[in-house]
Amino acid sequence: MDILFTGLLLGGTYALIAMGLNLQYGMARIMNLANGEFLVAGGFGAFWFFTAGQVSPLLTIFIVAPVAFAINWLIYVVFLRPLVKRAKSRGQLEVDAILTTFGLAFFLVGLTLAFFGGDYFSYSYLARPVTFIGETYALNRVVAFFAAVVICGGLWLWLTRTRAGMSIRAIAVAPDSARLVGIDVPRLSALAFALGGAVTAVGGALISTFLTLDASTGVLFTLKALIIVIMGGVGDVRGTVIAALMLGILETFVATLIDPGLTLAAAYLLFVAILLFRPQGLFGRRQA
Amino acid sequence: MMTTTEYRNLAIGAALFILAACLPFVGGAYLLTIGVTIAMYTVLATSWALFSGPTHYISLATAAFFGLGTYTTGLGFEHLDYWLLVPLAAILGAALAAIVGVATLRLSGVYFVIFTLGLAELIRQLVTWGQNVSGQKGLYVLTDLTEVHIYWQLLVLAALVYLTGWLIGRSRLGFALRIIGDDEEVARHSGINTARAKVLLFMVSGAAAAATGAILAPRYIYIEPALAFTPMLSFQVVIMALLGGTGRLWGPVVGVIPFTFLWEAISASFPNQTTLLLGLCFLAIVFILPKGFVGLLTTIRTRMNAREAFS
Amino acid sequence: MKRRTLFAAATAVATLALTVPAFAQETLKIGAVGPKTGPLAGGAAVSFWPNVQLWAHDVNEAGGITVGGTSYMVEIIEYDDQTNPGETIKAVQRLATQDEADFILAPYSTGLNIAAAPIFQRYGYPMVTHTAISDQIEDLSNKFPNMYFLLGGATGLAGGVVDVLTDMREAGEIGNRVAMVNVADAFGIELASVGKPQLEEAGFEIVYETSYPLGTQDLSPVINGAKDSNPDAFVAWSYPPDTFGLTEQAQIAGLAPKAFYTAVATAFPAYAGRFGAAAEGVLGAGGVYADGDQFKEYAARHEAVTGAKPDFWASAPTYATFEILHQAIEGAGSTDKEAVAEYIANNSFETVIGPVDWDENNSNAKYWTVGQWQGGVFKGVASTGRDGAVAAMPKSGWE
Chain A
1 MDILFTGLLL GGTYALIAMG LNLQYGMARI MNLANGEFLV AGGFGAFWFF
51 TAGQVSPLLT IFIVAPVAFA INWLIYVVFL RPLVKRAKSR GQLEVDAILT
101 TFGLAFFLVG LTLAFFGGDY FSYSYLARPV TFIGETYALN RVVAFFAAVV
151 ICGGLWLWLT RTRAGMSIRA IAVAPDSARL VGIDVPRLSA LAFALGGAVT
201 AVGGALISTF LTLDASTGVL FTLKALIIVI MGGVGDVRGT VIAALMLGIL
251 ETFVATLIDP GLTLAAAYLL FVAILLFRPQ GLFGRRQA
Chain B
1 MMTTTEYRNL AIGAALFILA ACLPFVGGAY LLTIGVTIAM YTVLATSWAL
51 FSGPTHYISL ATAAFFGLGT YTTGLGFEHL DYWLLVPLAA ILGAALAAIV
101 GVATLRLSGV YFVIFTLGLA ELIRQLVTWG QNVSGQKGLY VLTDLTEVHI
151 YWQLLVLAAL VYLTGWLIGR SRLGFALRII GDDEEVARHS GINTARAKVL
201 LFMVSGAAAA ATGAILAPRY IYIEPALAFT PMLSFQVVIM ALLGGTGRLW
251 GPVVGVIPFT FLWEAISASF PNQTTLLLGL CFLAIVFILP KGFVGLLTTI
301 RTRMNAREAF S
Chain C
1 MKRRTLFAAA TAVATLALTV PAFAQETLKI GAVGPKTGPL AGGAAVSFWP
51 NVQLWAHDVN EAGGITVGGT SYMVEIIEYD DQTNPGETIK AVQRLATQDE
101 ADFILAPYST GLNIAAAPIF QRYGYPMVTH TAISDQIEDL SNKFPNMYFL
151 LGGATGLAGG VVDVLTDMRE AGEIGNRVAM VNVADAFGIE LASVGKPQLE
201 EAGFEIVYET SYPLGTQDLS PVINGAKDSN PDAFVAWSYP PDTFGLTEQA
251 QIAGLAPKAF YTAVATAFPA YAGRFGAAAE GVLGAGGVYA DGDQFKEYAA
301 RHEAVTGAKP DFWASAPTYA TFEILHQAIE GAGSTDKEAV AEYIANNSFE
351 TVIGPVDWDE NNSNAKYWTV GQWQGGVFKG VASTGRDGAV AAMPKSGWE
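Residue numbers (my numbering), protein chains in the order written: chain A, 1 to 288; chain B, 1 to 311; chain C, 1 to 399.
Just so you know, these hints were derived from the structure itself, not from any lab. Be a bit skeptical, because a hint or two may be false.
Which residues of chain B face chain C? A partial, calculated answer using Cβ under 8 Å [as the list claims (entries may be wrong)]:
| # | residue |
| --- | --- |
| 1 | 193 |
| 2 | 235 |
| 3 | 274 |
The calculated lysine to aspartate or glutamate pairs, modelled on DMTMM-like cross-linking and capped at a C-alpha distance of 20 Å, are [what the hints assert, rightly or not]:
| # | chain 1 | residue 1 | chain 2 | residue 2 |
| --- | --- | --- | --- | --- |
| 4 | C | 143 | B | 144 |
| 5 | B | 291 | B | 184 |
| 6 | B | 291 | A | 94 |
| 7 | C | 258 | C | 297 |
| 8 | A | 88 | B | 184 |
Covered stretches of chain C, going by a simulated chain A footprint (3 or more residues, C-beta under 8 Å) [stated by the list, open to error]:
| # | stretch |
| --- | --- |
| 9 | 63 to 72 |
| 10 | 336 to 349 |
Beta carbons: idealized from backbone N, C-alpha and C, even for Gly.
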């Protein structure tokens, strides 16, 4: 029981890390290697507001989200849309996106470093125990988990119930056909990308309440997010959520019952095994 | 059958290698250090492109093979003769690549990319765990090898990689690969064993990366998982190869050389903004040179030819 | 354009003109290589870079390094090695041959120092390391005679913990049960593998033992496992992000043994900044003679010049290695690398951490091993022969 709940909490964290990338890669077709840097930036925003003005990270996310949305929109329009236009094939776009966002990641790390230095940023927020069925959990992780539920649930509703959401899913499935039925592909792709960036930054702000970050840690989160998105199947919110929860529970299970030294190994093993049996991920569509 | 052009290319290649081998005698220690970096990335990027160029499979497993090689030297050098370790690392690298290759045949596109990344991390985690369980302290590779030795070894390895690439290009395998690259379905229907061809090539690139790691271990002296298996290495190799161009055997090196000098110039001149400026350069290159340096050279050559034609 | 940090402030020049007008003015080029990005950048931003800045400031403020009637201002040339040994090698090589640096400060961390050692050796630069911790000091100093070690070895660091725990047990403050965990990375593995036999030899019973990978995002299984074993002492050979994570998780899970030890970064000001009063009584790697005037003055200067507080472990020794270089240049009366290296080998030095001399392996045999947060200051409680240790107190919960 204890394992299950701890695992779910960790899974919620992973969902926060991966959901933004899923939108960016699945919907806007940009494999964004700079995703983790936005997560760190969101965390930094929360840290800064908390230490400077004692502003709760739960309020900071309402500042972080629109700012990240605007910046990501700009990035998409300035850097990525020309690539989308230029690319003759999906493979070409993938290669160009890797190169561009890798450069962007470097650039962002450099920017953070120049303005805020390379020190760890770490603060204590809601680091209190909450007791649930006889076991204690960290309140900040519980809060992050519920935020993840709200965000993922909201995205799911938006994607399945609204016109814009459904159009975006249409783009994810078949961009060319989507254009034919009158969907404004460039605008909605930008929207999906910007939204992904905002979700990532909000995730970063929430995660910073219990993880210690510094300017260079972004790449670790990018790697984790890539693994989760691919495991769940590109472009599927359910897949990402389930993959994140599976990883969380598995890691906790292995750490508690087998050996904490093998947690990450087990996580990657699960990833590798899933791809071997389902090459398109848990919920992915077979690629043509 | 060898054509005159092929003889000429082979001769030019050999001449360039002899020239490169003379670097320690003419250039200073500083140039040699840069030479080692160039040689290292040339081997890694070229062998990477041997597999990824024709198949369009982007592999992020370079760090796994490289780390494997480093650990082969780190663990083995007190028990085995040093000169056995590099071939041993290459064999281990090829074996690992064969297993991975067979396992990943069903994957395509981005699933393959991230699979290789996950695999590299998996191996790193297992090595780390193994090191912890065995109570193995930090690994020290204290040898008398100097930078010159390492440079020459890398150069020989590079020559082998080029020779392999050239032979593959001339063989049935190379022919098969070009068809696979154009259209895998067509290749399969014309009776080409696409699986075997891909796995073989992946083994070549795995062996080369492992050998590079084994050669470089004495240079780093202190071996730890975080440094030997750094995922940044995989990304850098991909970036350099793509910047050069993967369509031709000499493509990656055309990316590696200017890139190393650019990196060096930025590191030397802007120590506090290194990362920031490197990022900007990546962006600039993607937008200004969409076809890589090979594309740039081809354009220049076409223009020059055109000019000659008019004069 | 090269961005060279020349800390010759106008005021310094002015004071200099008044005090030592007869001396000629020269400049010494000093290289500094360390991570500004990459996995170790966070640690270097606390312990290494501010000290480089402070030292250059202090030297120039005082009128430079005096060698036989000439005073040399120092000019620092900084490079970022991105926590990549290949880049460290390139940067040191560049300093030696392109910039023709007069001296080079030792790089940051064990791995990067050792990777750079052959180049320091080849060009004859003395290499007084501040953050290289190794149990192979004998082999290394045989191979690289110019290499000196200030921060000690894993055996000593682990031994300090065992001594502190033994003392607490003899005082009746704790029992025999120890839970020991470590981060599965080079330094953590090394400490765990030398720490375990020492603990057992001292008669402690290891009731829980495990490792976790670097970058583990949820340490609650580790803490819960430790808690279930009901230990008298908790020892974690940990790295910066997980030192914070373990402490926070221990608070939440209510793991509150009388002795709670986390290794690297416990001595960082950010640790007390994050945990506040709860940090009271936490043991960690390192320590300083925090009540000594030398350290107090140094800490005040550090904060005034760099805007940040020093940490209570590697900061002061890092500064001390620069002081040693300074004193050796003046002592040798020459800017010749060989003469300076020889002076370092044959002399002892008075530094911010107290007197430093070398054992047969070019290692400073007297170093701090364990510190404890007491009243908002991380005080040294165990060392291999330093003055000023205070007694370790049992920790009383997290409140």
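Double-check residue 235/B for me: the hint is only fine if its C-beta lies closer than 8 Å to a C-beta in chain C.
For residue 235/B, the interface hint is violated, since the closest Cβ of chain C sits about 12 Å away, which is over 8 Å.
Proximity test - 8 Å, beta-carbon atoms, the stretch 63 to 72 of chain C to chain A, at least three hits
Contact hint for the stretch 63 to 72 of chain C vs chain A: violated, 0 residues under 8 Å.
Restraint status (C-alpha distance of residue 291/B to residue 184/B at most 20 Å)
violated (23 Å)
Does residue 88/A pair with residue 184/B here, judged by a C-alpha cut-off of 20 Å?
Cα-Cα ~19 Å, so holds.
Closer than 8 Å, Cβ to Cβ, for at least three residues: run that test on the stretch 336 to 349 of chain C against chain A and report holds or violated.
violated (count 0)
Per-residue hint verdict: residue 193/B, partner chain C, C-beta under 8 Å:
violated (39 Å)
With a cut-off of 20 Å on the C-alpha distance, tell me whether residue 291/B and residue 94/A pass.
Answer holds: residue 291/B to residue 94/A is near 14 Å, not above 20 Å.
So, residue 274/B near chain C? Judge it on the closest CB pair being under 8 Å.
This hint holds: residue 274/B lies near chain C, its Cβ roughly 5 Å from the closest one there, short of 8 Å.
Straight-line alpha-carbon gap residue 258/C to residue 297/C, limit 20 Å
Distance ~33 Å between residue 258/C and residue 297/C Cα, so the pair is violated.
20 Å limit on alpha-carbon distance, applied to hinted pair residue 143/C and residue 144/B
This hinted pair holds, its Cα atoms lying about 9 Å apart.
Checked against the numbered hints above, the structure violates hints 1, 2, 5, 7, 9 and 10; every other hint is satisfied.
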